[in-house]
Amino acid sequence: MRKPGNKGWIVLCLLFLFLFIAGWQISTVSFRDLPGPWPVAETAWYFLSDPFYDNGPNDKGIGTLALYSLGRLTLGFVAGSVAAIILGVILGLNQTLFKAANPYIQILRAISPIAWMPLLLYSVQNSNVTALMVVFMASIWPTLANTAFGVSTIKKDYVNVSNILQMNPISKVFKVILPGAGPTIVAGLKISMGSAWVAIVPAEALLGSLGLGYFVWNEWNNLSLTSVVFAILVIGVVGVFIDFMLTSLAKRLAYVD
Amino acid sequence: MALLKVEAVSKYFTSPGARSEFCVFKDVSLKVKEKEFLSVLGHSGCGKSTLLNIIAGIEAASDGYAYLDGKQIIGPGLDRMVVFQNFALLPWLTVFGNIRIAVKAAYPGWDRNKIHQWVQKYVDMVGLKGAEDKRPSELSGGMRQRVGLARAFCVGPRMLLLDEPFAQIDALTRGVIQEELVRMWEDTGITIFMVTHDVDEAILLSDRILLMSPGPEARIMEEMHVDIPRPRSRTSVIEHPAYYPLRNRIIRFLSRKDEDDQTKCVNLVA
Ligand SMILES: Nc1ncnc2c1ncn2[C@@H]1O[C@H](COP(=O)(O)OP(=O)(O)OP(=O)(O)O)[C@@H](O)[C@H]1O
Ligand SMILES: [Mg+2]
Chain A
1 MRKPGNKGWI VLCLLFLFLF IAGWQISTVS FRDLPGPWPV AETAWYFLSD PFYDNGPNDK
61 GIGTLALYSL GRLTLGFVAG SVAAIILGVI LGLNQTLFKA ANPYIQILRA ISPIAWMPLL
121 LYSVQNSNVT ALMVVFMASI WPTLANTAFG VSTIKKDYVN VSNILQMNPI SKVFKVILPG
181 AGPTIVAGLK ISMGSAWVAI VPAEALLGSL GLGYFVWNEW NNLSLTSVVF AILVIGVVGV
241 FIDFMLTSLA KRLAYVD
Chain B
1 MALLKVEAVS KYFTSPGARS EFCVFKDVSL KVKEKEFLSV LGHSGCGKST LLNIIAGIEA
61 ASDGYAYLDG KQIIGPGLDR MVVFQNFALL PWLTVFGNIR IAVKAAYPGW DRNKIHQWVQ
121 KYVDMVGLKG AEDKRPSELS GGMRQRVGLA RAFCVGPRML LLDEPFAQID ALTRGVIQEE
181 LVRMWEDTGI TIFMVTHDVD EAILLSDRIL LMSPGPEARI MEEMHVDIPR PRSRTSVIEH
241 PAYYPLRNRI IRFLSRKDED DQTKCVNLVA
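These protein sequences, in sequence, are chains A and B.
In terms of this note's numbering, the first sequence opens at residue 1 and continues consecutively.
In terms of this note's numbering, the second sequence opens at residue 1 and continues consecutively.
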């Protein structure tokens, strides 16, 4: 029997795409009014041919909107991750603190960041800041939990080495603890990024902050389902791109013990 | 004056669940002279690593004190470098990086260039030239422990603490690295404290051997001088007339689990 070649997956992948588009086409024939692949492709062409147009404050190209969402995501995610890693290291180094804080972390991470939105909006009275804070809230918990876990389970040997070399606390954290817990932390960052990207769409839609989520909602209000489907595809593709970036980061930080 | 002095050190562990304390070893006293190579030989689990970690300052004694150069040991220090049984290299750093992190910690004032030269010197010294950019996972056990040795030597410690440093290395490589270690020990005039359960290794390397009884409540039972002139090699050592009597004494001691066993073991050795 012939072994499946290295390139076999590509063929299979294209087959899935074909099956997906065929299934989509068939379902739009049965459900009236649902946009099929062809009209969506036309819309995509229309939007993508001029991705950065600017017709005033509420009418911008899809590229610009994606950049708005990405910018918001980056800002909220970086802030959330920095906070999560700092807190995680502190908790990871102190078992008592970790045990005491863990139940609350578990409760907080179970709450959808969207659920905080009314409260946040009421307190800060600014939709852009609120959207950022939603991303922040979505980013913080998985990374916090993973960092604390990674730091607390770091191999004793590595800590011993840093002690024997009498490293100061700063180099200990940056040269031994963070790299040692690196892979676990990045795994947390990936989950965080996923939930932040999932949260950003409804946040933008509900808050009316310019971005992809806003675009989805706006097109729905215009009853343009074709554009909605296109926006869904864009959100998915951007998400894959973000995940790809974090996966390369994970590869750089991975180590074989 | 002895460089290292351990006075009546005992170590107890309270195992979770059990209410009583578990005594690993009790009233261990020893002295290591400047430039001496001392080995402690004992069964697995008798507390050799624990004793070494207490001297290294990464574990605390339950009772008693250890002194380096007359100063009580209360924590780790760059004057005592440990070479670990399982190498304990940082897997995300290269060979060069693993040594550099030690040099940087020991000489914080040095500039890049000086650090680089110093690291390279020790890379060359342990024969790892060409492997600088490899990660520990890409190295054989022997090469990993060479990195461990370079990392320990490069900070210029007064004492080297070796915790079964060659136990995980294949026999052929072990012999080569043992000889390199002796060469580096002679060149640097460092003092070495080693724990091991390998009798031949202890005889080949040490000036003096202490025998520890099996735990719990292990103690240092006997002291033996290795009166075999240096330079020694694995072949010259076994040809020396003092070798077999010494080896037999040690093995007889180590196989003496309890009085009933004793006769059987003596027969076995003879
Ligand atoms: N943190 C700890 N808590 C409880 N018991 C411990 C702890 N560390 C070591 N022990 C016990 O102390 C004893 C001595 O351990 P140690 O590692 O010092 O032995 P060793 O002589 O180095 O053995 P080996 O030759 O296998 O390395 C063992 O019985 C071990 O189970
Ligand atoms: Mg041990």
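Treat the hints as calculated values from the structure; they're not laboratory data.
Please note that the accuracy of each hint is not assured.
Keeping only pairs whose Cα atoms sit at most 27 Å apart, straight-line, the calculated BS3-like set for lysine-lysine is [as the list claims (entries may be wrong)]:
| id | chain 1 | residue 1 | chain 2 | residue 2 |
| --- | --- | --- | --- | --- |
| 1 | A | Lys156 | B | Lys33 |
| 2 | A | Lys155 | B | Lys134 |
| 3 | A | Lys172 | B | Lys121 |
| 4 | B | Lys134 | A | Lys251 |
### Message
Hinted pair, alpha-carbon criterion (27 Å max): Lys172 (chain A), Lys121 (chain B). Please report holds or violated.
### Response
holds, 25 Å
### Query
Is Lys134 (chain B) close enough to Lys251 (chain A), meaning Cα to Cα at most 27 Å?
holds, 17 Å
#### Entry: Restraint status (C-alpha distance of Lys155 (chain A) to Lys134 (chain B) at most 27 Å)
Roughly 21 Å separates the two Cα atoms, so the pair holds.
### Message
Tell me if the straight-line CA distance from Lys156 (chain A) to Lys33 (chain B) falls inside 27 Å.
### Response
violated, 31 Å
Hint 1 from the list above is the single one not met by this structure.
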